[in-house]
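As given, the protein sequences belong to chains H and P, one line each in that order. Quick note on numbering: the first sequence equals residues 1 to 280 in this note's numbering. Quick note on numbering: the second sequence equals residues 1 to 325 in this note's numbering.
Just so you know, the hints here were simulated from the structure itself, not pulled from any lab data. In this text, all values refer to a predicted model and were calculated from it rather than measured experimentally. Take the hints with a grain of salt, since some may be wrong.
[Stated by the list, open to error] The list that follows gives simulated cross-link-like pairs (lysine-lysine, DSSO-like), each with its CA atoms no further than 30 Å apart:
(1) K95(P) with K282(P)
(2) K227(H) with K282(P)
(3) K76(P) with K282(P)
(4) K130(P) with K230(P)
(5) K76(P) with K95(P)
(6) K272(H) with K282(P)
(7) K76(P) with K272(H)
(8) K227(H) with K68(H)
[To be verified] Taking CB as the label site, the calculated pair distances span:
(9) S124(P) with P54(H): 31 to 39 Å
(10) H84(P) with V114(H): 25 to 33 Å
(11) E221(P) with L243(H): 55 to 63 Å
(12) I109(P) with G164(H): 23 to 31 Å
(13) S177(P) with S72(H): 31 to 39 Å
(14) P36(P) with E136(H): 27 to 35 Å
(15) E175(P) with R56(H): 27 to 35 Å
(16) Q171(H) with G187(P): 48 to 56 Å
[To be verified] Covered by chain P, according to a simulated footprint, are these stretches of chain H (three or more residues, beta-carbon under 8 Å):
(17) 25-34
(18) 64-74
(19) 106-115
(20) 143-151
(21) 195-204
(22) 243-253
Quick reminder that beta carbons are idealized off the backbone N, C-alpha and C, glycines included.
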Amino acid sequence: MGSPAASWLSHVRRTPLLLFLMLYTVISGGPFLWVATMSLRTTPEIFAAPYALPSRIHWEKFVEAWTKSNYSTYFWNSVLVVVTAVVLLTVLGAMVAHCLARYRFRGSRAVRFVILSGMVLPPQLMILSLFQILLEYGLYNTLTGLIVVYIAGHLAMTVYILEGFFAQIPQDLFDAARMDGYSDFEIFWRITLPIGVPALFTTVTLNFIILWNEFLYAVVLLTEDDKRTLPLGIMHFMGSHQLDVGMLATGLMITIAPIILLYAFFSETMIKGMTAGAVR
Amino acid sequence: MQAGGTLQAEREGKSRASWLTRLRPRPEPDARRAGPSTLAIFLAPALLLYAGFMVYPVLRTFYNSVHTIGPQNVQKFVGFANFHELLSTDLVFWKAVGNTAIFAIVATIADVLGGLLIALCLFSRPPFAKLLRVVWFTPVLMSYVVVGIIWVWIYDYDWGLANTVLRWIGLGAWEQSWLGDPHTALGSVMVTHIWKWLGFNMIIFLAALSALPGEVLGAAELDNCGWFAKLVYIIIPMLRPTIVNLTVLSFIGKMMIFDLVWIMTGGGPLWSTETVSTYVYKRAFDWNTFDLGYPSAIAVLWFIIIMVFVVLMTRLFRQRDKLEF
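Isolated chain H (complex conformation) (with noise of 0.2 Å):
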């Protein structure tokens, strides 16, 4: 490979590769530049010239689908429900897998049984009853009820990932412990948890990228405009506003920008989070 004719050769070779590489960027990622594009142009500037670079950027549209078009009460109805599900889900979880990890006790292995097949349940199984039960408990059509219901759902795979990493913390430090006279909770707090932050971050990050981009759930369990979040205030606005396509794309680049922005400092663990569970 030294001679400059063998390497000038095997460029060549590379030449169709590197522009497949080329062409695959451009499907897998422009279209995303396409929307920031249009999201900074007005309908009758798209119309005129759909792939056109914005001649003159239109920041006040961002104004707009904030104050005017609702999408503010939508990105914190988002942000609301995504938080509060995520910190509870992470909390909750992490004491199960703690249990689950370290303890053992009659009934470990039904609690665990139980628990990590509603992995394989299908949302489409749940969905149906869930819309009844919410409406006898009074909890349809409330930030709370989605709350409660994506909590419930997403428990399997974070206890999965979690109890995965938990059971690998050597026996020995919680001996120690133990011995020092640590109580449980202290056992808990002071040592799963801090050695255990790498498998808290991709839970965290897992639920909340599947949350924030949640759409059958919420679809059934909210129908009122001001309890929307931002996937349904999205699908709400394209179809009222079917050809108002400049706002849309606004709406658009306010739901992505936040994992866009979270992607730019946090590529590794966010790739790392979402396919935690294919993993094995």
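Starting from the known structure of chain H, fit chain P onto it as the hints suggest.
Just chain P now, kept in the frame of chain H:
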């Protein structure tokens, strides 16, 4: 677990023995034990939520599936009548089953093969591999609503990217109303779904590829093994567990597909993209039939079918594994 159990028994035995010999009144503290109240505090909140909003709904769906549930929750037991109607006279259901099956089979194969292909591209260490990996994964992070709306625009007849590109490269005759034509709608939604998930499979394959033992690949190179032979005879057999895993995972996901179809076509035109899940939703909330029993029966039946497939697939692949080694 087994090994842990015996260790545990040993430890207990020892502590009991030392207690007997030294007559110490207090047994050694055991970090594997916790009192019932401690366990209750740790487990109860999660288990209660889980029981109320996961276990109970599932049981109730099974219960609903043999009833008709009218407005004001008027219930009537009908036995297996829902299932009977579903299997014998419901043509839309069978159309939905056909669409979902095509979707699950074609898109799963495309997803797994495509994911492997682009993972191999990155595995060959091209320039900017790290950056490309991050860009290619982006669609996985986006919600179906975002992806669906963008692709509705891409497929738009007048100004969509698909037709614009076709016109630009001189294939204007092929331009279509991609989502409006019953012949192309399902395929178009499938392309979008594959596009969204390729990056996911790529990451899993990349992890598996970099875990392959380097000596084997090196030895193949020394033997002047071509890249295609290397792929077919070495890489793919060694990736087998990953391929099986991803196939099953991807298949389950596609059997339940709802969001993307709902957003892009709503099941239309002419039921050409109707899937089982969208049909369940429509029967429950869109059609004015006011019966939650019938859609519950569809959900239950479909769940059982998915489970049967998953068990069959894992059995089948596992047995083949046994024969090979």
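Structure-based check of all given hints:
no., hint, in the structure
1, K95(P) with K282(P), "holds, 14 Å"
2, K227(H) with K282(P), "holds, 22 Å"
3, K76(P) with K282(P), "holds, 21 Å"
4, K130(P) with K230(P), "holds, 24 Å"
5, K76(P) with K95(P), "holds, 28 Å"
6, K272(H) with K282(P), "violated, 36 Å"
7, K76(P) with K272(H), "violated, 49 Å"
8, K227(H) with K68(H), "holds, 16 Å"
9, S124(P) with P54(H): 31 to 39 Å, "holds, 37 Å"
10, H84(P) with V114(H): 25 to 33 Å, "holds, 32 Å"
11, E221(P) with L243(H): 55 to 63 Å, "holds, 58 Å"
12, I109(P) with G164(H): 23 to 31 Å, "holds, 30 Å"
13, S177(P) with S72(H): 31 to 39 Å, "holds, 36 Å"
14, P36(P) with E136(H): 27 to 35 Å, "holds, 32 Å"
15, E175(P) with R56(H): 27 to 35 Å, "holds, 31 Å"
16, Q171(H) with G187(P): 48 to 56 Å, "holds, 54 Å"
17, 25-34, "holds (count 7)"
18, 64-74, "violated (count 0)"
19, 106-115, "holds (count 3)"
20, 143-151, "holds (count 3)"
21, 195-204, "violated (count 0)"
22, 243-253, "holds (count 3)"
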